[in-house]
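Between the sequences and the hints, there should be enough to build the whole structure, so can you do that?
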Amino acid sequence: MLVLISYDISTIDAGGQKRLRRVSKECLDYGQRVQYSVFECEVDPTQWIFLKDKLLNTVNLKKDSIRFYMLGSDWKRKIEHYGCKKPVDLHGTLII
Amino acid sequence: MKKLFSTLYVSTQGAYISKERENIVVSLQSKELFRAPVHLINSVVCFGNIMCSPFLLGLCAENNASVSYFTEYGRFIAKVQSPVSGNVLLRKQQYKYSDDGKFCLETAQSVLLGKLSNSRTVINRALRDHEDKISDSDKLKQVSDGLRRAIANVFNAENVDVLRGMEGDAAVAYFSVFNKLILNHKEEFFMPGRNRRPPKDRVNCLLSFVYTLLVHDVSSALEGVGLDPQVGFLHKDRPGRPSLSLDIMEEFRSVIADRLVLTLINLSQVNANGFSESPSGGVIMDDENRKIVIDAYRKRKEEEIFHPFFKENIHIGLLYHAQALLFARYIRGDIDAYPPFIWK
Chain Z
2 MLVLISYDIS
12 TIDAGGQKRL
22 RRVSKECLDY
32 GQRVQYSVFE
42 CEVDPTQWIF
52 LKDKLLNTVN
62 LKKDSIRFYM
72 LGSDWKRKIE
82 HYGCKKPVDL
92 HGTLII
Chain H
50 MKKLFSTLYV
60 STQGAYISKE
70 RENIVVSLQS
80 KELFRAPVHL
90 INSVVCFGNI
100 MCSPFLLGLC
110 AENNASVSYF
120 TEYGRFIAKV
130 QSPVSGNVLL
140 RKQQYKYSDD
150 GKFCLETAQS
160 VLLGKLSNSR
170 TVINRALRDH
180 EDKISDSDKL
190 KQVSDGLRRA
200 IANVFNAENV
210 DVLRGMEGDA
220 AVAYFSVFNK
230 LILNHKEEFF
240 MPGRNRRPPK
250 DRVNCLLSFV
260 YTLLVHDVSS
270 ALEGVGLDPQ
280 VGFLHKDRPG
290 RPSLSLDIME
300 EFRSVIADRL
310 VLTLINLSQV
320 NANGFSESPS
330 GGVIMDDENR
340 KIVIDAYRKR
350 KEEEIFHPFF
360 KENIHIGLLY
370 HAQALLFARY
380 IRGDIDAYPP
390 FIWK
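Sequence lines, in order, name chains Z and H. Under my numbering, residues 2 to 97 are what the first sequence spells out, in order. Under my numbering, residues 50 to 393 are what the second sequence spells out, in order.
Calculated from the structure, these hints are not laboratory results. For each residue, glycine too, the CB sits at the ideal point set by N, CA and C. Take the hints with a grain of salt, since some may be wrong.
Claimed, not checked - Residues of chain Z placed beyond 10 Å of chain H at every Cβ, according to the derived structure: (1) L5; (2) Q18; (3) K26; (4) Y31; (5) S38; (6) V60; (7) K64; (8) E81; (9) H82; (10) C85; (11) K86; (12) I97.
What the hints assert, rightly or not - Residues from chain H that face chain Z, not an exhaustive set, calculated with beta carbons under 7 Å: (13) L82; (14) F224; (15) I343; (16) D344.
Below you can see the structure in the form of structure tokens.
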């Protein structure tokens, strides 16, 4: 299934930068960055439990917000992209 | 059932593949070209001068993604795999059976049955769909009849050597009419017969390259279910030769590889100018054509096909895995005979 993750991390206090970095790295372990604070992660249910747990342990829920959008397994027709920085289609031909 | 994930092909000369946390990162002169989490990649295939960091190899091994190296022209060099793989009991049984003449014969009969009937179907399909465009359809019918007789004879063979002879004869007959299945660009794409190491014309060059991709996939599938791809039954053991992969591959050669090559030529997808002759007389294709072939092969793998044994539609890319599973069941004794994939 595909999960869209977006977040707002408050960087006013000292720990903010650190949390921001850690959240982005954890998202990147499971998916790709489509915009600055937006990630698309294709995970199976087990991986999703791990990822969600890691993210929720990283953010400070008093100051930050994080949103998960479950797009299910039939996500291809639910996403449209316009403009530059088109994400890589990981199910397409990967020839580098 | 297993999920079909992508294979990452890297053919940019001088590229460097490294690990960054759980990501596979491809870069060229420290500029990032590609990044993806390892769990979405089935295998990494490198063509030519590609460097992989040891940590990347470790990451791939841990996640059951194979990393294979080929020369720029598609000859297999090496493959990196995780330290422990498969089921030792299954492999021991496979080794024991490989010395058992009766078992070898029965297995080889199944394998050959698959190969011959699929080759015949390819010819018959061409006759049915394009009889008007084929110049010498009587010759094709002859070969088809010859194959039918050979199929009927498979189970009369007394030993594996007889079968090998039958296979050779059938292959010669089949490739003698392969040219007639090429309907477009006949001047550029013409083969006098099958030749290899090195392939001496464009058609053989395409065939060899697609067979290489096929062997790689079949070997991965066999290893994935715990079998040893080097211990075969129809093909004799020889150091470095993936004999079992070659056995299992027989049933796929015509259906998947040959038809893919024919499609590429007949629909003018490959460019006849993109081939060059090396000093040794071999024909090699350029990067552009190689990309087209890989792309077409990947697309073919995503198509669905009806599997007569499982009685359901599966991706062609998972067909190898399905057949490897069936072969493992056969070795374990769960089924009485190996059912080859027969294309209808």
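**Prompt:** Looking at Z/L5 again, its CB stays over 10 Å from all of chain H?
**Reply:** Check passes; 15 Å lies beyond 10 Å.
**Prompt:** Just checking, Z/V60 versus chain H, shortest CB gap more than 10 Å?
**Reply:** At about 18 Å from chain H, Z/V60 clears the 10 Å cut-off, so the statement holds.
**Request:** Report holds if the minimum CB distance from Z/H82 to chain H is greater than 10 Å, and violated otherwise.
**Result:** 17 Å, holds
**Request:** Take a quick look at Z/K86 and tell me if its Cβ sits farther than 10 Å from every Cβ on chain H, holds or violated.
**Result:** Check passes; 13 Å lies beyond 10 Å.
**Prompt:** Holds or violated: is the Cβ of H/F224 closer than 7 Å to a Cβ in chain Z?
**Reply:** 29 Å, violated
**Asked** For the hint on H/L82, does the least C-beta distance to chain Z fall short of 7 Å?
**Response** 5 Å, holds
**Asked** Checking the smallest CB distance to chain H, is Z/S38 really beyond 10 Å?
**Response** The claim holds: Z/S38 sits with its nearest Cβ about 17 Å from chain H, beyond 10 Å.
**Asked** Per the CB criterion, is H/I343 less than 7 Å away from chain Z?
**Response** Holds - the Cβ of H/I343 comes within 7 Å of chain Z, reaching about 6 Å at its closest.
**Satisfaction of the H/D344 interface hint, Cβ to chain Z closer than 7 Å** = 5 Å, holds
**Message:** Would the non-interface assignment of Z/Q18 survive a Cβ cutoff of 10 Å against chain H?
**Reply:** 18 Å, holds
**Asked** Should the label of Z/K64 as a non-interface residue stand, given a Cβ cut-off of 10 Å to chain H?
**Response** At about 25 Å from chain H, Z/K64 clears the 10 Å cut-off, so the statement holds.
**Asked** Does Z/I97 sit more than 10 Å from chain H, CB to CB?
**Response** The claim is violated: Z/I97 sits with its nearest Cβ about 5 Å from chain H, within 10 Å.
Of the hints listed earlier, those the structure fails to meet are numbers 3, 4, 12, 14, in rising order.
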